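Residue numbers for the sequence shown follow UniProt numbering, beginning at 1 and rising by one.
Calculated directly from the structure, the hints in this document are not laboratory data. It should be emphasised that the depicted structure is a prediction, and the values quoted were computed from it without experimental measurement. Keep in mind that the hints are not guaranteed to be accurate.
With a straight-line Cα cutoff of 30 Å, these simulated DSSO-like cross-link-like pairs (lysine-lysine) come out [stated by the list, open to error]:
#1 Lys201 - Lys391
#2 Lys393 - Lys380
#3 Lys274 - Lys118
#4 Lys380 - Lys493
#5 Lys432 - Lys238
#6 Lys446 - Lys432
#7 Lys141 - Lys201
#8 Lys432 - Lys442
#9 Lys116 - Lys283
#10 Lys192 - Lys116
#11 Lys283 - Lys238
#12 Lys274 - Lys537
#13 Lys434 - Lys380
#14 Lys380 - Lys446
#15 Lys380 - Lys192
#16 Lys24 - Lys141
#17 Lys380 - Lys116
#18 Lys391 - Lys380
#19 Lys446 - Lys201
#20 Lys537 - Lys493
#21 Lys192 - Lys141
#22 Lys542 - Lys493
#23 Lys192 - Lys24
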Amino acid sequence: MSFDSREGTVHVPASDVVSFSFCKQNCFEQDQPLLVDAENPSRSLNYESAKALVRKLVAGFWASGLREGDSVMCHMSNTYIYPALFMGICGSAGVWLGSNTANQRYEIDHLIELGKPKFIITEPAALSTILSACENRQVPKENVFVLDIDTFQLYTSLPAVWWGCSDSDATKPDQAVRSFTDLLCHGEQDWKTIDVVDEAKRTPAAYFPTSGTTGLPKLAMVSHYNLVAHHLMLHEDKPYRVRRLMTLPLFHLFATSFAFIQPTRYGDTTYIMKRFGLESYLKNHDRYQITETFMTPPILMQTIASHFDVRALMRTVRWAGTGGAPCDAVSINRMRSLLTNGTTSQVWGLTECGVASMFRLGEHDETGSIGRLLRGYRGKLLNPKGELVEKEKEPGELYISSPGTMLGYRNMPSIEEESAWFRTGDVCCLEKGKLYVVGRAKELIKVRGWQVAPAELEAVLLEHSEIVDVAVSGTMARNGVDEVPRAYVVRRKKTREAEMVTANEVYQFARERLASYKALDGGVCFVEDIPRTASGKIQRAKLTRMDTLRSRIAAVLSAAQAVPVYKQAVSEVKDAAMYDGETTTPRRDKAPQPRRSSRVVRRSSSTSEEASRDMKVATIRRVSTDSVSKPEPYKLPRFDKTLKKKQRTSKTAKATRKRLIKSMQASAA
Numbered sequence: 001m002s003f004d005s006r007e008g009t010v011h012v013p014a015s016d017v018v019s020f021s022f023c024k025q026n027c028f029e030q031d032q033p034l035l036v037d038a039e040n041p042s043r044s045l046n047y048e049s050a051k052a053l054v055r056k057l058v059a060g061f062w063a064s065g066l067r068e069g070d071s072v073m074c075h076m077s078n079t080y081i082y083p084a085l086f087m088g089i090c091g092s093a094g095v096w097l098g099s100n101t102a103n104q105r106y107e108i109d110h111l112i113e114l115g116k117p118k119f120i121i122t123e124p125a126a127l128s129t130i131l132s133a134c135e136n137r138q139v140p141k142e143n144v145f146v147l148d149i150d151t152f153q154l155y156t157s158l159p160a161v162w163w164g165c166s167d168s169d170a171t172k173p174d175q176a177v178r179s180f181t182d183l184l185c186h187g188e189q190d191w192k193t194i195d196v197v198d199e200a201k202r203t204p205a206a207y208f209p210t211s212g213t214t215g216l217p218k219l220a221m222v223s224h225y226n227l228v229a230h231h232l233m234l235h236e237d238k239p240y241r242v243r244r245l246m247t248l249p250l251f252h253l254f255a256t257s258f259a260f261i262q263p264t265r266y267g268d269t270t271y272i273m274k275r276f277g278l279e280s281y282l283k284n285h286d287r288y289q290i291t292e293t294f295m296t297p298p299i300l301m302q303t304i305a306s307h308f309d310v311r312a313l314m315r316t317v318r319w320a321g322t323g324g325a326p327c328d329a330v331s332i333n334r335m336r337s338l339l340t341n342g343t344t345s346q347v348w349g350l351t352e353c354g355v356a357s358m359f360r361l362g363e364h365d366e367t368g369s370i371g372r373l374l375r376g377y378r379g380k381l382l383n384p385k386g387e388l389v390e391k392e393k394e395p396g397e398l399y400i401s402s403p404g405t406m407l408g409y410r411n412m413p414s415i416e417e418e419s420a421w422f423r424t425g426d427v428c429c430l431e432k433g434k435l436y437v438v439g440r441a442k443e444l445i446k447v448r449g450w451q452v453a454p455a456e457l458e459a460v461l462l463e464h465s466e467i468v469d470v471a472v473s474g475t476m477a478r479n480g481v482d483e484v485p486r487a488y489v490v491r492r493k494k495t496r497e498a499e500m501v502t503a504n505e506v507y508q509f510a511r512e513r514l515a516s517y518k519a520l521d522g523g524v525c526f527v528e529d530i531p532r533t534a535s536g537k538i539q540r541a542k543l544t545r546m547d548t549l550r551s552r553i554a555a556v557l558s559a560a561q562a563v564p565v566y567k568q569a570v571s572e573v574k575d576a577a578m579y580d581g582e583t584t585t586p587r588r589d590k591a592p593q594p595r596r597s598s599r600v601v602r603r604s605s606s607t608s609e610e611a612s613r614d615m616k617v618a619t620i621r622r623v624s625t626d627s628v629s630k631p632e633p634y635k636l637p638r639f640d641k642t643l644k645k646k647q648r649t650s651k652t653a654k655a656t657r658k659r660l661i662k663s664m665q666a667s668a669a
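Take the sequences, apply the hints, and build the full model.
Okay, here's the thing in structure tokens:
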């Protein structure tokens with residue numbers, strides 16, 4: 001099945017992204033604050049000051065040796081001058097490269113290797129990490145600029161005649177690195193313009209970090225033409241004055257249209273938060289009378305569960321978008337019910353092709369759809385055989401084509417034609433023009449030949465009033481051939497354990513609502529939290545590793561009922577703690593060495609019940625062993641019949657169990 005946007009196509013002009021951004025489309029005051037520090041609104045940029053800052057940065061980069069095609073890496077938190085910095089790099093014929101301040105040395109080292117930045121701009125708090133990575137990649141320290149907002153604010157408040165380059169230590173946080181203000185003392189120059197379509201298409205403006213659909217993190221090469229196309233496909237005129245709040249990271253492609261282009265092109269005042277904090281986020285809506293806001297599923301979940309009067313604080317919001325990861329219909333509808341005068345919509349897209357699907361202002365949806373294709377986009381759904389899906393509601397992997405599709409990944413084959421189809425990796429279905437995400441192609445669970453989407457099970461389980469969060473992944477069935485779904489559940493806190501939802505209740509809740517092959521036959525595990533990325537995506541690889549370790553320790557505990565010497569069991573637990581994830585079979589490369597005083601003892605049923613209770617004490621990152629199905633214990637090798645048949649006393653057996661549990665908990669910690 002192939003389908004086009006019902007909004008039609010889009011005309012993309014021949015322009016560089018900087019000229020496009022400063023081409024005013026609406027009438028607004030020249031001194032109107034456009035980019036505002038949400039923590040300190042006295043810090044802001046209007047149209048003229050933003051334009052002047054871009055021109056100063058162009059002059060500064062060229063004076064410092066930046067050449068056409070060189071990249072500049074920005075490793076810094078959100079700040080109100082970030083959009084001008086982005087435009088300054090693009091206007092210098094350079095290529096912007098974004099980096100998350102949460103990145104550590106290894107991740108930064110990988111980005112530097114991919115992007116080969118000529119200069120790096122960072123903040124004081126991240127300087128040591130950057131210098132460590134630069135040393136490894138032989139990036140000169142003098143090519144590192146440190147941006148301190150207080151210093152910048154003081155510097156720009158001085159009369160222009162006082163501006164000048166300085167070699168004093170006051171402008172150098174480190175004896176070798178340079179201050180960001182050193183870029184501002186070379187006067188002003190016009191940015192490099194582009195007025196030919198082919199040149200705009202092939203000239204990279206930015207390298208956006210992305211996990212891609214496979215393999216290691218990559219850099220998506222996005223051209224000037226792509227950025228302009230993204231904006232035109234996404235933008236719509238609003239019947240209200242836009243006051244926007246940005247708390248999402250500005251190094252994401254999502255920010256380029258809403259925070260980098262729209263403020264100076266349309267006069268949309270945008271308040272920028274350095275980082276997310278629930279209380280400050282909600283109160284900023286009331287303080288600045290925000291009309292548009294953006295969130296990720298974790299932010300949305302915190303908002304609807306908070307003790308604040310969300311309805312009053314967000315009373316001026318007309319539209320709230322959520323994206324970065326799938327969000328269930330129940331949560332979306334709860335959020336919408338808190339907006340007195342507005343609505344909310346999922347925003348779906350990828351770094352590689354931009355925001356492709358959402359609901360426009362005025363259209364309400366309660367079904368959990370990710371919206372309709374935006375203007376200029378085309379889509380098609382393919383089944384596992386690579387054939388077009390023919391019927392509505394039939395799932396298939398989504399392919400996207402648009403003028404905004406990236407040039408390609410850096411140092412990888414490029415996408416030569418605009419008509420080329422990009423494989424998203426998302427399995428979707430189409431119903432009445434609305435798109436629904438079923439799951440990721442590589443996350444689907446194969447149950448006896450049936451495909452089960454974790455996202456579907458998660459959406460159903462989140463309807464349970466006693467479940468706060470949930471993740472579903474596949475685990476091996478007892479037959480060792482098939483996969484079965486396993487749920488990791490965060491329960492609502494209760495004063496008494498007996499009042500909390502049980503594993504069997506969770507199992508039955510899903511079983512009553514879904515087909516039999518979608519039953520949680522892999523078990524239900526209760527956890528303290530679900531591992532997620534900053535954008536809210538579930539880190540299923542961590543769940544898989546945790547599941548493997550849990551299974552091995554459970555197997556060791558079961559086998560402990562017939563272990564002749566407790567040291568052997570402790571050794572098995574240590575092996576489990578060092579497990580590398582390649583197999584779920586316990587190590588049997590060496591048979592246990594018998595001792596004269598040892599003997600295999602068959603325990604009574606009461607002792608087995610005690611051992612079963614003791615198993616519940618054993619946790620990995622507080623993972624409950626309360627599960628619908630538990631791993632089968634493995635059989636230990638037979639021991640020499642010549643062993644002395646001296647039965648261990650009950651006291652010794654209890655001591656063995658206590659030592660085993662203590663050793664296991666230490667290994668898991």
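Verification of the supplied hints:
no.: 1; hint: Lys201 - Lys391; verdict: violated (36 Å)
no.: 2; hint: Lys393 - Lys380; verdict: holds (13 Å)
no.: 3; hint: Lys274 - Lys118; verdict: holds (26 Å)
no.: 4; hint: Lys380 - Lys493; verdict: violated (44 Å)
no.: 5; hint: Lys432 - Lys238; verdict: holds (26 Å)
no.: 6; hint: Lys446 - Lys432; verdict: holds (28 Å)
no.: 7; hint: Lys141 - Lys201; verdict: violated (34 Å)
no.: 8; hint: Lys432 - Lys442; verdict: holds (26 Å)
no.: 9; hint: Lys116 - Lys283; verdict: violated (41 Å)
no.: 10; hint: Lys192 - Lys116; verdict: holds (22 Å)
no.: 11; hint: Lys283 - Lys238; verdict: holds (24 Å)
no.: 12; hint: Lys274 - Lys537; verdict: holds (22 Å)
no.: 13; hint: Lys434 - Lys380; verdict: holds (13 Å)
no.: 14; hint: Lys380 - Lys446; verdict: holds (23 Å)
no.: 15; hint: Lys380 - Lys192; verdict: violated (38 Å)
no.: 16; hint: Lys24 - Lys141; verdict: violated (39 Å)
no.: 17; hint: Lys380 - Lys116; verdict: violated (36 Å)
no.: 18; hint: Lys391 - Lys380; verdict: holds (12 Å)
no.: 19; hint: Lys446 - Lys201; verdict: violated (42 Å)
no.: 20; hint: Lys537 - Lys493; verdict: holds (23 Å)
no.: 21; hint: Lys192 - Lys141; verdict: holds (27 Å)
no.: 22; hint: Lys542 - Lys493; verdict: holds (24 Å)
no.: 23; hint: Lys192 - Lys24; verdict: holds (18 Å)
Hint compliance for this structure: hints 1, 4, 7, 9, 15, 16, 17 and 19 are broken, all remaining hints hold.
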